[in-house]
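Asks: One-letter residues, chain by chain:
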Amino acid sequence: MDDGLQDVPQARIELRGISKHFGEGSTRVDALVDIELTVGAGEIIGLLGPSGSGKSTLLNVIGCVSEPDAGWMRLDGELVYDTRWLRADRRRLRLTKIGFIFQTHNLLPFLNATENVAEVMELAGLSRHQARMSANALLDYLEVGHRRQAFPGEMSGGEAQRVAIARALANNPRIILADEPTAPLDSARAHIVMDLLSRIAKDHQAAVLVVTHDEAIFQRFDRLVSLRDGRLVAT
Amino acid sequence: MNLAFRDIRRNRLRFALTVLGVGMLLGVVIAMTGIYEGALTDALALPRGEHAALWVVQPRTFGPFAEPSRIPRDTRDLIRRMPGVAAAGAVTFQTVQSTTAAGRPVRLYLEGYEPGRPGGPPPLVAGHGLTESHYQVVVDASSHLKLGTRVLLGPYRDPYTVVGLTHGMVSSAGEPLAWVNLLDAQALQFDVPPALERRERAAGRTPPTTTDVNAVLVRLEPGVSALSVAHDISRWKHLAAVPEAREETYLTLFVIQKMQKQLGMFMTILTAVSAVIIALIIYTLTMDKVRSIATLKFIGAPDRTIVGLIVQQALTIGIMGYGIGLALIVLGKAYFPRRVQLEPFDLAVVLLIVIVVCLAGSVLSIRAALKVDPAEALASG
Ligand SMILES: Nc1ncnc2c1ncn2[C@@H]1O[C@H](COP(=O)(O)OP(=O)(O)OP(=O)(O)O)[C@@H](O)[C@H]1O
Ligand SMILES: [Mg+2]
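Quick mapping for you: the protein sequence lines, in order, are chains C and W.
Sequential numbering from 347 applies to the first sequence in the numbering used here.
Sequential numbering from 3 applies to the second sequence in the numbering used here.
Think of the hints as simulated: they come from the structure by calculation, not from any bench.
Where hints are given, some of them may not hold.
Stated by the list, open to error - Mimicking SDA-like on lysine to any residue, the simulated pairs with C-alpha atoms at most 20 Å apart in a straight line are:
| id | chain 1 | residue 1 | chain 2 | residue 2 |
| --- | --- | --- | --- | --- |
| 1 | W | 373 | C | 581 |
| 2 | W | 148 | W | 196 |
| 3 | W | 373 | C | 520 |
| 4 | W | 373 | C | 436 |
| 5 | W | 373 | C | 413 |
| 6 | W | 373 | C | 438 |
| 7 | W | 373 | C | 435 |
| 8 | W | 335 | W | 84 |
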């Protein structure tokens, strides 16, 4: 592969010159301006910034949900955006390479805990039986194994969040994007989740990008980056 | 993992009510097809039950059912003597509105016939045929009259005793059939009070006579062509002779066609209403799941999964609704005032329409669902 770009073999996320705006004229918002960011395998990074600074927008761009206006982006070594999308099947990319942990849990309300986790495994090609087994193992690991049969509406915020984390991890993604994952958790549970994300980063050589306001967990990151008005600034 | 059924399982009660509603709607559609077929069967029961090859009627009429037909009774003897004719019987038809001796109103479609000749009731389910030449009547069980009941008929309210019962014999209008001796029937139909008869004669008109009949039923010798006998009858006797099949056509073409058109109209409207309602239900179900659909897309589910979710739910509602509708009609058809005749072909067509309607109803929802932005899954709320 010789595309004239600097080759960083261990980089899972690489963004160069990524910009994105919403609206036009007087309502124009430059949500991301010329973002340069590299997250290596096994790295866990904290993304800080005030409300409206573009943190969620950045995660959406990396998650291939929102289209940037300019720049290029490489995920797990694959160039997926270069002033346009290069990959038609971005859903498949999300399914197999990216684990998303939402600000709110976003579980499917009509599936119980096991089914919510197993669903993404089945979509990725696992048999129903295998998917259920792995899903339950993952739930046990996240200490919500006792809530397997519960539906999201019957869970506490923390339980739902841990099920959602299990779902994000279900297909062993190389990239994990988390938007304030510890917000609904008490500090003990927040640390358990951070332990887990650190371990996933190390064990699976995944790149983990976590949006957070929670100063108590700042020291858990390898590195912190800050957004202000759509620009990355030194922390 | 089947998402459609898991969603249904989670929203059982709501889903059950929806299916019940659709089921009742489809039940009405199914009943309509049954009534449509039943009307046809009812209308043809009488001419088919006569087992006559030819119906001799007044020339240039479509009688005796589509319009009145009057011919002299001695026509029967003229016809009987023609070559190829095995038997001939004179018959009359009329609707009577009367009461039982106990005062209960009854409405009957009365056939007068000559026992021992073509015409008269099909095999009875109870009692016996006419044994006396007057004041006995055989009725269809759908009149709810019992053996031995006395029915008052004619201008003089003569009591007729019910001596026999048939089953499933009604007129094209749904009135129970009844049979009396031809002589009684002629008196009922053509007997004119003496004062009126005098007035008619004074005016130079011939009053109706009790020797008229409405039609003569003809049975032929084996191997004789009905058409050639019909030809001879019209040529030599100046009467119209209508083959049985054509008499059936007159009934379907002239007598019950309006009713069938009306039923067809209702069926079309109901089917359209069902289609709109099913489409709306499916659309609402889909819109309630927008967030789940966004999440599914977000976590990487292909469109096929989302389309499958919608189509499977739509078909489940349609097919379960159809099953419930069918069950309701099968259980309830005995209580309908008219014959409900469920034909496998009609049921298959309705099922096919339901499936098509469900698929068409899903199109709108699928389009909406495929437009859902996966980023919506991120919106807090
Ligand atoms: N779909 C959109 N349409 C228009 N403007 C948008 C849209 N999404 C985000 N924005 C704007 O882009 C900017 C960045 O929004 P973003 O949601 O990324 O902020 P954030 O850092 O995640 O904030 P918070 O901490 O409150 O979640 C904001 O000014 C927001 O109003
Ligand atoms: Mg945000």
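Asks: Please go over all the hints and tell whether each is borne out by the structure.
Replies: Hints and how they fare:
Distance hint between residue 373 of chain W and residue 581 of chain C is unfulfilled; the C-alpha atoms sit about 39 Å from each other, more than 20 Å. Pair hint residue 148 of chain W plus residue 196 of chain W does not hold up; C-alpha atoms about 35 Å apart against a cutoff of 20 Å. Only pairs whose Cα atoms come within 20 Å are accepted, and residue 373 of chain W paired with residue 520 of chain C is rejected, the gap being roughly 28 Å. This hinted pair checks out: residue 373 of chain W and residue 436 of chain C have alpha carbons roughly 16 Å apart, not beyond 20 Å.
A threshold of 20 Å between alpha carbons decides the hint, and for residue 373 of chain W with residue 413 of chain C the separation of about 16 Å falls inside it, so the pair holds. For a cut-off of 20 Å, the pair hint linking residue 373 of chain W to residue 438 of chain C stands: about 18 Å separates their Cα positions. The suggested pairing of residue 373 of chain W with residue 435 of chain C holds, with an alpha-carbon distance near 16 Å, which does not exceed 20 Å. For the proposed pair residue 335 of chain W and residue 84 of chain W, the alpha carbon gap of about 47 Å is over 20 Å, so the pair is violated.
In this structure, the hints that do not hold are numbers 1, 2, 3 and 8, in rising order.
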